[in-house]
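> Residue-level listing of the chains:
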Amino acid sequence: MSEARVQNNEAWIELSTIVGPEHLRPAMPEDAVDGVRPAGVIAPGTAQEVAKVLRYCSSAGLTIIPRGGGTQLGLGNRPCKADFVLSLERLNRVIEHVWGDMTVTVEAGCTIDKLQSVVREHGQQLGTDPMQPEQATVGGVLATAESGTLRIRYGAIRDLVLGLEMALPDGSVIKAGGKVVKNVAGYDLTKLAIGSLGTLGVITRAVFRLHPVPVATATFAAMLPTASEAEKLVLAILDSHLVYTGLQIRARREDQIFVHIRFEGIPESLQDQFTKLSRIAGDHEFVDCSDDVWMERQKLYVNAASSMICKCCVLPSQIGSFCDSLFLYAKTSDLAFILVAQGTGLAEVRLDAPGQHTLMTALSFLRSEVDRLGGTLTVAQCPVTMKSEMDVWGTVKDALPLMHRIKQKFDPAGTLNPGRFVGGI
Amino acid sequence: MNARLVSEFRSIVGDAGLVSGPEQLRTYECDGLTLFRVVPDLVLLPATAEEMQAIVKLCYREKIPMVARGSGTGLSGGALPVKGGVVISVTRMNRILEVDLPNARVVVEPGVTNSAITAAVSGYGYFYAPDPSSQVVCTVAGNVAENSGGAHCFKYGVTTTYILGLEVVLSDGTLLNLGGTTMDQPGYDLVGAFVGSEGTFGIITKVTLRVIKKPETTQVLMAAFNSSSEAGAAVSNIIASGMFPAAMEIMDRLALEAAEAAVHANYPNCQALLLVELDGSAREVELLMEKVGPMCKECGAWEMRLAKSEPERMAVWKGRKAAFAAVGRISPNYLVQDGVIPRTALPRVLGDIDRLSADAGLRVANVFHAGDGNLHPLVLYDRRIAGQEERAMTLAEDILRLCVEAGGSITGEHGIGEEKKMFMPVMFSPADLDAMQRLRSAFDPYDLCNPTKMFPGTDANVQKPVAYEPHPIELAGLAQRY
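Taken in order, these protein sequences are the chains called A and B. Count the first sequence with our numbering and you get residues 128 to 552, in order. Count the second sequence with our numbering and you get residues 51 to 532, in order.
Hints in this document: simulated from the structure, not taken from any laboratory. C-beta atoms are modelled at their ideal positions from N, C-alpha and C, and glycine is treated no differently. Check the hints yourself; a few may be wrong.
As the list claims (entries may be wrong) - Pair by pair, the computed Cβ-Cβ distance ranges are:
| id | chain 1 | residue 1 | chain 2 | residue 2 | range |
| --- | --- | --- | --- | --- | --- |
| 1 | A | R532 | B | S61 | 45 to 55 Å |
| 2 | B | Y174 | A | P481 | 31 to 41 Å |
| 3 | A | E395 | B | E348 | 16 to 26 Å |
| 4 | A | D410 | B | G64 | 36 to 46 Å |
| 5 | A | M422 | B | P506 | 47 to 57 Å |
| 6 | A | P352 | B | Y174 | 39 to 49 Å |
| 7 | B | N144 | A | P481 | 29 to 39 Å |
| 8 | B | G292 | A | D498 | 42 to 52 Å |
| 9 | B | S359 | A | V414 | 49 to 59 Å |
What the hints assert, rightly or not - Listed next, the stretches of chain B that the computed footprint assigns to chain A, with coverage defined by at least 3 CB atoms under 8 Å from CB atoms of chain A:
| id | stretch |
| --- | --- |
| 10 | 190-204 |
| 11 | 357-365 |
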């Protein structure tokens, strides 16, 4: 559609009435989602406006791609249609930090960094460290269920959410959960929304529980000769009394495997923890290292336009054999890899190869390997052209019909993110 | 129920799996909330997932309402039978199927008790964190249905944090695996949605859950104050200092009197007692506990005792855990509530409760999880005195309204069930409730699974409400309400 035509059509006029003309603009090439370019970008200023936009689009058969900081727009299958990008940029306030309750209420378009800096004034933190916090928003992190390295101590992002406000395609604004730590009134719709990739509604506000900022932090690294030894060490740490807030394996070559561990607490206890760690590690020597190693996940995504990044979930006791399979496979093909695996069993693998065919074959191999282990694999990032040849989510088993029924109940017209989620949802 | 159907059910579960005698059926007429009673038409106790599936298919064919039940310790009437329906008990499916310690996973059948999970792993230094006070008898399926909590939720979270996978039978008899053993399964988080759905989405046949390593050290400090607000101020200071205790509990004068009468806890003779439990690495707990004492003192604590050893800790907790049932010692009847408020609203809400209590001319004992703001006001009354019971119920309702007005919830861990469904509109808008119904109808389009619960406007055909009576397991000292 040409710009002039778009701006004169009925939808454009209708939508600009809802949000005000200054908050609806024609889309730029960089607004495209997996190569699908929308007509416009709309930025509502309130949850009610978001709901009105959704209701209008739903009734007019138009589609919406919700967008926070845009850091994870590459996640998911290619949308089958994208009429408007709905940006949460104007819903960016921290509404209320009740430090005495250790809770915070924040709008969905607020960046993680901004949120953290506000709660940090009272010595508190949101116990998660998603990638690109300066750009990633609360809503985006929730919709994609992105949890960082702190998860092993503070839980996944779903465990930190007390309540949500959501705009639905039927034009309603609903709230789920509440503001208190314990609350079992009604269904837990927060869980349904988190990780749903904006296919059921648009999250407009969230209430989180917070944790104290640790007095001191220390990170240590050990180099291990083999993946199975690294796994053994990780399992020994998991089985210990150590109180760690990060535990990861990083490997870029089969003979360069590192285990990183982070302790947080009062200085006296950090020393004590290190002594105990050394005892558990035996011959493997842990040395002081920089906090930068916790950015390794994020580094995977730097200059990754032609790379493929797979998020593989296996059991902690399978990390070693998963690594070995990867190493062996890489040896026989023209494949470079970097692996960053959390102690929880979540391994992110970046693959680089001269041609997409090699990446595709590697993906089939990794999928069969993860299937064999009973885990799951999601392609978190790959060149758009590869997306026509696969489902990035893999196959969802027997619960897919139920998921389709849920989608049907919340978004019957298929307004939100059509085609991007599992099984064509 | 007609004889043909009964024999069809019998052919699935056998004699051992079917209860139909009028006297036996009465055992199932209520759960831990004895206020409401409905005698079910039939009780079925399948022994396998296949039997469960067959039963549910039959119910679906005949459109018979199904109420799933664990041990029946729920406190909101969630397992109250529905007139003309069957009760399906999971208690015969009680095997622990798999213990995978390296990955801290346990797979169990739905009728396994909460304590049995911890018992299966405690020898290796692990435990199952959610600790409802009925944990010795309550089942994991009941915990999942109610999203149960316990005293240590402030730090460790509730049931939903620990459930990784569920095998469930939907109302049409479909057997589904939701989630799994590994994390982050692609698709909607249906495990998260199912936990806390109070039996309205389907029936659980298998649970995969996470256990965690026991902390190296646990210590509990007991501090005596001249008022609940002083104790509350100490809690605020502890939180402000950046500590993250495993539990913080306050008991007021009346609750203390009751505990003293019941178990001779040997607590200080004070207006408010605060328990602060710290756990973690030995060195850290040792050092932090040294700071907690002075913080309490600053707020007016005049006596403090620190329990370091396991027996000492148990002695301190004994009175707290017995508090609910103990109230029976100082009052012939009582109602238990489960409201939650933001912790900072504590002094104000406690003041309001005092005022309401004075207006109603009824005593209210307060026992609460101070860390997470979960109140358990116990409204004391005497049924024999005309009008007291009605006043007690009105007072309990007014307290719930206070909680919602303060930004809290009508239930922190007991669930909505039959008891609090009329309060859902106080907390949720019509649109919120409609969204919940949409989700429900995706799981159970014909409203066959535990119908009439959780949402107002539906009636389970209950008998005329009678006042709270302690559950037999409470009287036997096997469980307490809190």
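> Mind listing which of the numbered hints don't hold for this structure, in increasing order?
Numbers 1, 2, 4, 6, 7, 9, 11 - these are the hints that the structure violates, sorted from lowest upward.
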